[in-house]
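Protein sequence lines correspond, in order, to chains W and R.
So the first sequence is residues 31 to 306, counted in the numbering used here.
So the second sequence is residues 7 to 324, counted in the numbering used here.
Since the hints were made in silico from the structure, they are not lab data.
Each residue gets a CB set at the ideal place from its N, CA and C atoms; glycine is no exception.
Misleading hints may appear alongside valid ones.
Every beta carbon over 12 Å from chain W, so not counted as near; a handful from chain R, in silico [as the list claims (entries may be wrong)]:
hint: 1; residue: E82
hint: 2; residue: S145
hint: 3; residue: R220
Some chain R residues near chain W, calculated using beta-carbon distances under 10 Å [said to hold, decoys possible]:
hint: 4; residue: A72
hint: 5; residue: L87
hint: 6; residue: V109
This is what each chain is made of:
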Amino acid sequence: MPDTAVLAVTPRTTHAPAGPRSAATATTQVVVLTARCARLAVRHVDGLVTALVLPVVILAVFVWLFGGAVRADGRYVDDVVPGIVAICAGFGAGTTAVSVCQDLVGGTVDRLRTLDVGGPALLAAHVGVAVARNLVSSVLVVVVALALGFRPHAGAAGWFVAALVVTAYLTAITWVAACLGMLARSAEGAGGATMGLMFFAYPSSAVVPVDTLPAWLQGFAGHQPVTPVVDGLRALLHGTPPSEVAGTVGTAFAWCAAIVAVAVLAAAVLFRRRTA
Amino acid sequence: MTDRPAVEAVGLRKAYGDDHALAGLDLVVGAGTVCALLGPNGAGKTTTVRVLATLLVPDAGTARVAGFDVVRERHEVRRRLSLTGQSTAVDDALTAQENLRVVARLAGLTRRAARARTADLLDLVDLADVAGRRVATFSGGMRRRLDLALGLVTVPAVMLLDEPTTGLDPRSRQQLWQVVAALAAGGTAVLLTTQYLDEADRLADQVVVVDGGRVVAQGSPAALKERVAARRLEVVLTDAASRADAVRRLGDRVLAVDPARDAVSVAVADATEVRAVLDLVDPDRTTVRDLALRGASLDDVFLALTGHATPTKEPSRA
Chain W
31 MPDTAVLAVT
41 PRTTHAPAGP
51 RSAATATTQV
61 VVLTARCARL
71 AVRHVDGLVT
81 ALVLPVVILA
91 VFVWLFGGAV
101 RADGRYVDDV
111 VPGIVAICAG
121 FGAGTTAVSV
131 CQDLVGGTVD
141 RLRTLDVGGP
151 ALLAAHVGVA
161 VARNLVSSVL
171 VVVVALALGF
181 RPHAGAAGWF
191 VAALVVTAYL
201 TAITWVAACL
211 GMLARSAEGA
221 GGATMGLMFF
231 AYPSSAVVPV
241 DTLPAWLQGF
251 AGHQPVTPVV
261 DGLRALLHGT
271 PPSEVAGTVG
281 TAFAWCAAIV
291 AVAVLAAAVL
301 FRRRTA
Chain R
7 MTDRPAVEAV
17 GLRKAYGDDH
27 ALAGLDLVVG
37 AGTVCALLGP
47 NGAGKTTTVR
57 VLATLLVPDA
67 GTARVAGFDV
77 VRERHEVRRR
87 LSLTGQSTAV
97 DDALTAQENL
107 RVVARLAGLT
117 RRAARARTAD
127 LLDLVDLADV
137 AGRRVATFSG
147 GMRRRLDLAL
157 GLVTVPAVML
167 LDEPTTGLDP
177 RSRQQLWQVV
187 AALAAGGTAV
197 LLTTQYLDEA
207 DRLADQVVVV
217 DGGRVVAQGS
227 PAALKERVAA
237 RRLEVVLTDA
247 ASRADAVRRL
257 GDRVLAVDPA
267 RDAVSVAVAD
277 ATEVRAVLDL
287 VDPDRTTVRD
297 LALRGASLDD
307 VFLALTGHAT
317 PTKEPSRA
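Just chain R, same shape as in the assembly:
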């Protein structure tokens, strides 16, 4: 391994007509680290992954994976990377074992090595018991796990995972997180996309928030959370006048205002801060009618970092 970052993208641009999927995106991922691309649908996450995976040629900008240019040296890149895409690319009519053997053979393993590797991977993703069953009979979580295993027939220098845990049950999600951590511990650079803040929090050394095809914030999960606040306090005021008063007093700490309910939302870190906010908004203890405390959502992150709400609602978690 050289000192170069495992993934290095500068000024990536890609447009489909007037729709700018990527508008000058920069990205650096070090070897042995996990980077989470966080953003709503349409932010450019998948396009970024497809460019890095050599599946899509950018209109402008350059990207290097494992030290090789993704356009000019794509064959070298492909020998060092693995992709688990958003659509689960498994053959329903084949068994789990057959799926793995086909991909292992195509990845250049000998028949014997492919058989051995298949057995290891089936253990790894907890599918050894159903190795001989056709994938058509699998649950969504089992299919995703098999798909993940298909991406690991050889241990890559760079692993790209596009929304790997969408549709996974909590246990499968935990397993996947363990595999990702183990991979990174072994020196693989992992780039994954997600819509879930907690996933980025749990897994990533570095979180890159993308919106509108460019990076709007990046840093460690802790640093990001400091900017966004861990919790959101919603204060419901008695009337419009006191609501306006509260907004004025809170200034740019206000995350959201709901005029219909005379409610104001603020980011808070702990109980002391909750008390401070209440004292600030309502020193005479007359105008706060109700309050609610919630964990910071992806919406809050976006509101705080981009100044606008997420363009699409977060899908319900499976």
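This is chain W alone, in the form it adopts within the complex:
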């Protein structure tokens, strides 16, 4: 334990340097930084609006404004919930990119490095908090959808697997956002860079069936990660037993795992480059 020799409050009283400090353990680093990020997230008004208000608004817009055009029977809400979850994950990712970038340009990362706190600990804290926040958004979407007439038929197993898929997708998109946050030179730039992530959800099966898209987009939409995630979730919520959608869900997990692997690696490289 480091000597906590109290620095004199009045000047000119001597106090020797406390000797080399012991570094906090990796676990302590992650715990302390996660608590910090969680506090910042809860007190960040823009972030809260993005996490709690925007999903509800988007859901309402799709169900009430577009829903009648997509499904004349008024049951659009049964199809669109997974899509809204995917779209809102993009908004949440934007918040993460901005937070990461602010830590880099604001001097926080410099201070952490001189304390010998690693970049991975900081990024893990950011990603962990962001995934938790986005899970709350996702639950909120489901709850509001229930109020709007959503009638899922999933059993306990179905809900469980669906929650895993959502968590995997959130983890993947958030790590990508963390990378974008490190690439950006300013918080505004980081916000802009994640616009791409937000639009990624649209050319997929998120809000309309893929076969209604123009032919040149169908190829892309059919083979991008959002589509198996949304298709898997939709089937699970409609009550398909997890074993019958194992293929789609497996593809979704594979995509997410691959994205996380690449993004974590890229984040490590970017962090070193940004701070060298």
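Chain R: place on chain W using the hints.
This is chain R only, laid out in the frame that chain W set:
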């Protein structure tokens, strides 16, 4: 503590493309002393601090902090140094207390020790009354003071302060100077960068003047001032001919010439010297139209030491 200097840099070089931020900088700071890096924007002060803080790897040269190499043994260095950088690295949405506790915990203090240390530091920088307020509501001076406290969660062997008093009100500046003096009295080596001559004068045992990425002069504040002179006398002559005459008579004592106003500036130490200069320039008491006496500015230091004016104007003091 060993007999080795706390900070020892030899031939530091760092270039960004064609821009040589450091062009062979040497530096030695002893334990328990305060060293001021004085220079204009772009002189290489911040780059030096970042190299010593293990945040930047130099292209060439070596630096040791607390006896350890800043590149190869950076982890050892980090356990013995603290940095308060130019950008105030505080979380606006957290309270002063929360900011301090986070950094104290990351510096390896236990929860209890972090709480105790936080209370001490809040007293030290005079923020105990607002400990529970969010930093977003703080003034610039309060934020800087909190930032300083964050650098002191453990008492370091080497403290690096990058322009610590820029934007501080006079009272906060005084407080900071007291803290720095107390730290040095306790054996910490303090390296601070500044653009202000009076700050270097008040605080530093040793002043190192940097320009263009290398050291152009160093010594005690008194020794430097002898070279630069405490005051500057501006003599306004009646016409161009007498101005040229004055420049010739003063020789290399001339600090600056303003042809538009036929004015010549000279370094002077006291009233006797003012009289001597006037007698030298204008023995018949006919050619001096006006005169003005000013305290030596950083511009004068630079002019005297480097032979060219500061590349950027000194920012107005807050």
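No chain W beta carbon within 12 Å of S145 of chain R's:
About 18 Å separates S145 of chain R from the closest Cβ of chain W, which puts it past 12 Å; holds.
E82 of chain R and chain W, when compared Cβ to Cβ, separated by more than 12 Å
Given a closest Cβ separation of 7 Å, the condition is violated.
Report holds or violated for the interface hint on V109 of chain R, using the least CB-CB distance to chain W and a cut-off of 10 Å.
holds, 7 Å
For the hint on L87 of chain R, does the least C-beta distance to chain W fall short of 10 Å?
Hint on L87 of chain R: holds, closest Cβ of chain W at ~7 Å, below 10 Å.
Nearest-CB test (12 Å) between chain W and R220 of chain R:
holds, 23 Å
Does the interface hint hold: is A72 of chain R within less than 10 Å of chain W, judged Cβ to Cβ?
Holds: closest Cβ of chain W sits about 8 Å from A72 of chain R, inside 10 Å.
The structure does not agree with numbered hint 1 stated previously, though it agrees with all others.
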